[in-house]
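> Below, each chain spelled out in residue letters.
Number of protein chains: 2
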Amino acid sequence: MVASSVSSAAVSCTLEEMLESKEKEMYQQQWVQNAPDPPCFFREVFENVKDTILPPNNSKNVWSTLVVNDNQQPLYKRVLVLLTEIFPILASLRGYNAHKFKFDLMAGITVASLAIPQCVGFATLAQLSPEYGLYTCFGPPLMYAMLTSSREIVIGNVAVDSLLLSSMISKLKDPIQDSVAYTQLLLTATFIAGIFQLAFGIFRFGFLVDYLSHATIVGFLAAAAVGIGAYQFIVLLGIKKFTNKSDLISVIKIFWTSLFKDRSQWHPYSFTLGFSFLCFILFARFMGRRNKKLFWLPTIAPLLSVIVSSIVAYTVNSHQINVKDYKVDVLGEIKGGSLNPISLLHLNLSDNFLAPLIKTGLTVAVISLTETIAVGRSFASLRGYNLDPNKEMISLGLTNIVGSFTSCYVASGSLSRTALNYSSGAETTVSSIVMALTVLISLKFLTRLLYYTPKAILAAIIISVVPGLIDIQKAYQIWKVDKLDFLACAAAFFGVLFASVEMGLAIAVTISFAKLILVSIQPGITVLGRLPGKDAFGDIEQYPMGLSIPGLIILSPKSSFLCFANATLVRERIERWVNDGHVEEGEGGSNLKFIILDSSGLTNIDTAGIASLEGLNKNLISHGVKLVIANPRWQVIHKLRVGDFVSKIGGRVFVSVGEAVDACLGLGAAKMANTV
Amino acid sequence: MVASSVSSAAVSCTLEEMLESKEKEMYQQQWVQNAPDPPCFFREVFENVKDTILPPNNSKNVWSTLVVNDNQQPLYKRVLVLLTEIFPILASLRGYNAHKFKFDLMAGITVASLAIPQCVGFATLAQLSPEYGLYTCFGPPLMYAMLTSSREIVIGNVAVDSLLLSSMISKLKDPIQDSVAYTQLLLTATFIAGIFQLAFGIFRFGFLVDYLSHATIVGFLAAAAVGIGAYQFIVLLGIKKFTNKSDLISVIKIFWTSLFKDRSQWHPYSFTLGFSFLCFILFARFMGRRNKKLFWLPTIAPLLSVIVSSIVAYTVNSHQINVKDYKVDVLGEIKGGSLNPISLLHLNLSDNFLAPLIKTGLTVAVISLTETIAVGRSFASLRGYNLDPNKEMISLGLTNIVGSFTSCYVASGSLSRTALNYSSGAETTVSSIVMALTVLISLKFLTRLLYYTPKAILAAIIISVVPGLIDIQKAYQIWKVDKLDFLACAAAFFGVLFASVEMGLAIAVTISFAKLILVSIQPGITVLGRLPGKDAFGDIEQYPMGLSIPGLIILSPKSSFLCFANATLVRERIERWVNDGHVEEGEGGSNLKFIILDSSGLTNIDTAGIASLEGLNKNLISHGVKLVIANPRWQVIHKLRVGDFVSKIGGRVFVSVGEAVDACLGLGAAKMANTV
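These protein sequence lines are chains P and X, in that order.
Just so we're aligned: 502 in UniProt numbering is position 502 of the first sequence, and the numbers increase by one with no gaps anywhere.
Just so we're aligned: 93 in UniProt numbering is position 93 of the second sequence, and the numbers increase by one with no gaps anywhere.
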């Protein structure tokens, strides 16, 4: 609209008007070139980092609430605000009632009945005495429940950390020959991991976990679920021949051997019992979803299964006391004992082991944080709230430091326990406290009561959680939207399933970053055309109704950063365009007068980019074509100006593509007028 | 302009007109949402890779010119075209005349007189017998001169490759105890390096050298020049105590020791001679630049220096036959011999050494290519032509493969010889052939004639080249334009100077890529305003005269890729903007009705980006603010559509910011009308 009015007006208006409009135009054109200097790159990066790392301005410093008394509130209220900031559980206890407690109590007890056999097993995996598993399942969840802002995360010892620690520390001390020293080193590694986690949180490095993209987490969760499911299916079968390796291939191998080669391994009674209750739990969940009135059924099903199956197991086992093969495989004797003993003075920070322990601590800290925050975020997003990773890092770090003083080894967010907690209907972190206290009671008094809980029932409970973690619909959505995101998702899935958690996540993050670089440096060029009836210009592939304007081409680079990695290729493409294609299409082969480079998509340019634009300009001039820059951003126009490029193209820089087109048409008309 | 006309027209026009325009508007708005599907990401990457790697369509396949007879040309002409394609030297020989040959002859002889002592020295560095240096200085340059499309590159054995090979191969075989086996392994590594270089060229991986950015090359060249200068200054001083290490610190150490601690080391006669001729050469160059008529002076100066100084040295040395300390340090006896012996059957590809040899070969191949192409490009850009890296890779690979069959070790573009060749006025690669033949003649007959050439003179010739390689003005330009580019330049300079070539280049490339990622994922947001009197919108920081529009904010992300790494941060910033700042500024605190997201800079989006936009939209709705998308690119609108986001924001997607603003104002007006 603007273009046509100016170009047609250029013929009819008087000289005076032309001069006046010329003057105004000249003045307005200076806007582009006389923009104030943008902040230097380092300052911009610093601002971004500051903005990312420092707490937002509106959330006041935790401590200042106590000292500065803005609202003239009484001291106790200010103390309460401060306490709520430190212990988010206090906030969730407002409006807490018996109804909510019922859910938390049930969830806590259910999770405890799952956590006890798990933590004993994982302690064995870490080559520690079983009681360390129980200690880790009591202290850390209790403390973390007070500190976390998540409502679901249940922490405790997990398989990955246990495996990592045992493989790294057993190189330093033999766990069998010198069990005490080995345990001390392991607790010291826990202490160091806690320090790292605390530091990450304090320096607000939480944004680093953003590098685990959405797609990666979907893949990770699915893989973890499949792994847990397969592992627990072996327990369900009653197979006792466990392996240290929890990857899928080892599990399938055991499954194959036990089921087809050596049938004596599996335990039909256990399996029948477990499978029946698995069906019951799944049916209960189905009914709960179908009929809103039965909402309590899926919640109570796991605990109900534990109680009923324990009674069944007691009956069966006590009647067939002499036929060992037909007994149900139950939890059996658990070594009871006192509260967590203090281990503060046993930490071994001697020079001999410090360097490898720091390495171990850092590795475990990162893996543990990644897992905890991935787990926490997944369930937070299911419930529709956001988790502040920095806060979680501080909480987990403090928990692990205190844990290392009280005979607990590294605790992380446990996927299976968190999922069970969520599906058992936990309302607040009180469920974690209930779980911890249940573990404590078990540790002190109830080891004999849990004696008859069949292992297969716990396996059934975990397996029933698995389907909810595999989000095939989301994966399909990712596939539809972005193929490379899906590749990252698939890499996370297969990597975690067949290699290891670290490997899977590392591959997925690498793919994500490779994609980032590929997208940023792609050397593609789009051709813009005028959209009919509008003053807008669009990609003619995107808008096939776009009209080309005779005598000029409007090109827009697809990349946002014309730099060393793509500048030569972009230049070559434009030159090839001019040399081969377009000129021949035009009338007489020399119709093309202007190339307008729409740089609205370019956020930055570097010296290589400027050099290639200079080369392009020289080449175009030799073809009788003029280069025009439209809508350069702040950084770009600044650099073009200090790089002396603006003067080399005769100051042909315009605030928008429309103005650039008008100016080109106007210049063309003026030139035609001159020749006439 | 469009905005104001529509918004004012909305009040006055009749209902019929409104409906008609509404219909048209509806139809036009569909343009954005009904764009054809863009090519899938993999296809786009494939197209880009194909475009980058495959030769351009207009340059026909080399072999097809022979078979397909398009232009009915006689066979001999087609054979000639084919030969010219393979041997670019044939093209440069068209119009070759005695005048050009004079320059080439002089340059060739000058370079040869520099290359002979150098190649003997570098062969010693590689722990080989000196004659291998001469072999490498004869065969490879001869062959490469036929194949290369560069007019300046002189190849031969260089310091970096020699050092790398000796340090890596001496781990496999002791060069002193088993000299024959060591030499065989070194030639085998050369063969493997050649295979790699050939493969890189054939698969057109030449674009990989683009990752050495402009800034990096400026830094690299300067560092190499300083290093060579310092090293040659020791030769100029006549110090004989050489070191294997060519890094600056080692050189300075020798310099310090020789000059201040143990003065007997240096050789005043040699230095006086060398320094005089250095002054002469520099003066000659100065005169040549000053007075156009004396253009031949700088060209002839190096050779003149060699001849005159040899005569001086002969006179001095033959008169003072018994006083060793006062003799000028001359090249002395060079072990003459026959042509390059065939070494094809000596290559050792046995299993024992294959893996480490492949590693060595790959490393040397990459370093050698990087150096050759960096050197070639630098001088090509001085002469104003482009070098095809793929062609050079094939040429160098073939040369090294044939070289390894004829007792030559890895040859690369030599910076000092290429610079000398350039400054001696070489016109074509004939100078390389002259050099090679001169080396051959020296090897066969003239070793006794070169006996009296003082080493200091050669050093003076190289030092005189150094200042031209240090481009301080360019470095300052880089500093002005881009601070982080300058950092890469400085890293390349100091890394190459004080650490090693590989380290310096690696750091520089890492900095360049880190910058690329930083620029691409920066979470910044710019606020756009309407430019007065125009239908364009611009960053209000860049255009301080930009006007804001009441009731809406136009935001534009600075990043081009809303993805896992920045989506959360971008979302948080926009939400903070809405929650804290802008709403309070407006009238009554709830004036803000629309946020227009100008996505013209966004080239792509991933699932995390869509998820964060969905979160943002929910948050904005709860604040009573509507999200509007303006000017989405092809990939972005496609993904927003398949990600079901367009329907979630009620289809408020517009082709340009202007239309989005009009629509928002129109909607506001319509709403106001409704309430009235």
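A few of these clues could be false.
Any copy will do: because identical chains look the same in the list, a pair fits if it lies in one copy or spans two.
[Said to hold, decoys possible] Derived DSSO-like pairs: lysine-lysine, alpha-carbon spacing no greater than 30 Å straight-line:
hint	residue 1	residue 2
1	Lys648	Lys483
2	Lys648	Lys292
3	Lys173	Lys648
4	Lys483	Lys618
5	Lys593	Lys648
6	Lys534	Lys626
7	Lys359	Lys100
8	Lys474	Lys648
9	Lys534	Lys593
10	Lys100	Lys626
11	Lys618	Lys474
12	Lys534	Lys648
13	Lys100	Lys391
14	Lys100	Lys444
15	Lys618	Lys593
16	Lys102	Lys391
17	Lys648	Lys480
18	Lys293	Lys100
19	Lys618	Lys359
20	Lys173	Lys618
21	Lys534	Lys77
22	Lys618	Lys292
23	Lys534	Lys171
To be clear, the hints were calculated from the coordinates, so they are not data collected in a lab.
Remember, it's a predicted structure, so these values are computed and weren't measured experimentally.
> If a hint holds in the structure, say so; if it doesn't, say that too.
Hint-by-hint comparison with the structure:
{"no.": "1", "hint": "Lys648 - Lys483", "verdict": "between (42 Å within a copy, 22 Å between copies)"}
{"no.": "2", "hint": "Lys648 - Lys292", "verdict": "between (74 Å within a copy, 28 Å between copies)"}
{"no.": "3", "hint": "Lys173 - Lys648", "verdict": "neither (70 Å within a copy, 59 Å between copies)"}
{"no.": "4", "hint": "Lys483 - Lys618", "verdict": "between (40 Å within a copy, 26 Å between copies)"}
{"no.": "5", "hint": "Lys593 - Lys648", "verdict": "within (17 Å within a copy, 44 Å between copies)"}
{"no.": "6", "hint": "Lys534 - Lys626", "verdict": "both (26 Å within a copy, 24 Å between copies)"}
{"no.": "7", "hint": "Lys359 - Lys100", "verdict": "neither (43 Å within a copy, 65 Å between copies)"}
{"no.": "8", "hint": "Lys474 - Lys648", "verdict": "between (52 Å within a copy, 17 Å between copies)"}
{"no.": "9", "hint": "Lys534 - Lys593", "verdict": "both (24 Å within a copy, 25 Å between copies)"}
{"no.": "10", "hint": "Lys100 - Lys626", "verdict": "neither (73 Å within a copy, 36 Å between copies)"}
{"no.": "11", "hint": "Lys618 - Lys474", "verdict": "between (51 Å within a copy, 19 Å between copies)"}
{"no.": "12", "hint": "Lys534 - Lys648", "verdict": "between (32 Å within a copy, 26 Å between copies)"}
{"no.": "13", "hint": "Lys100 - Lys391", "verdict": "within (25 Å within a copy, 74 Å between copies)"}
{"no.": "14", "hint": "Lys100 - Lys444", "verdict": "within (27 Å within a copy, 99 Å between copies)"}
{"no.": "15", "hint": "Lys618 - Lys593", "verdict": "within (14 Å within a copy, 49 Å between copies)"}
{"no.": "16", "hint": "Lys102 - Lys391", "verdict": "within (28 Å within a copy, 76 Å between copies)"}
{"no.": "17", "hint": "Lys648 - Lys480", "verdict": "between (46 Å within a copy, 17 Å between copies)"}
{"no.": "18", "hint": "Lys293 - Lys100", "verdict": "within (18 Å within a copy, 99 Å between copies)"}
{"no.": "19", "hint": "Lys618 - Lys359", "verdict": "neither (55 Å within a copy, 43 Å between copies)"}
{"no.": "20", "hint": "Lys173 - Lys618", "verdict": "neither (69 Å within a copy, 54 Å between copies)"}
{"no.": "21", "hint": "Lys534 - Lys77", "verdict": "neither (60 Å within a copy, 56 Å between copies)"}
{"no.": "22", "hint": "Lys618 - Lys292", "verdict": "between (74 Å within a copy, 27 Å between copies)"}
{"no.": "23", "hint": "Lys534 - Lys171", "verdict": "neither (72 Å within a copy, 72 Å between copies)"}
The structure fails hints 3, 7, 10, 19, 20, 21 and 23 (numbered hints given earlier, in ascending order).
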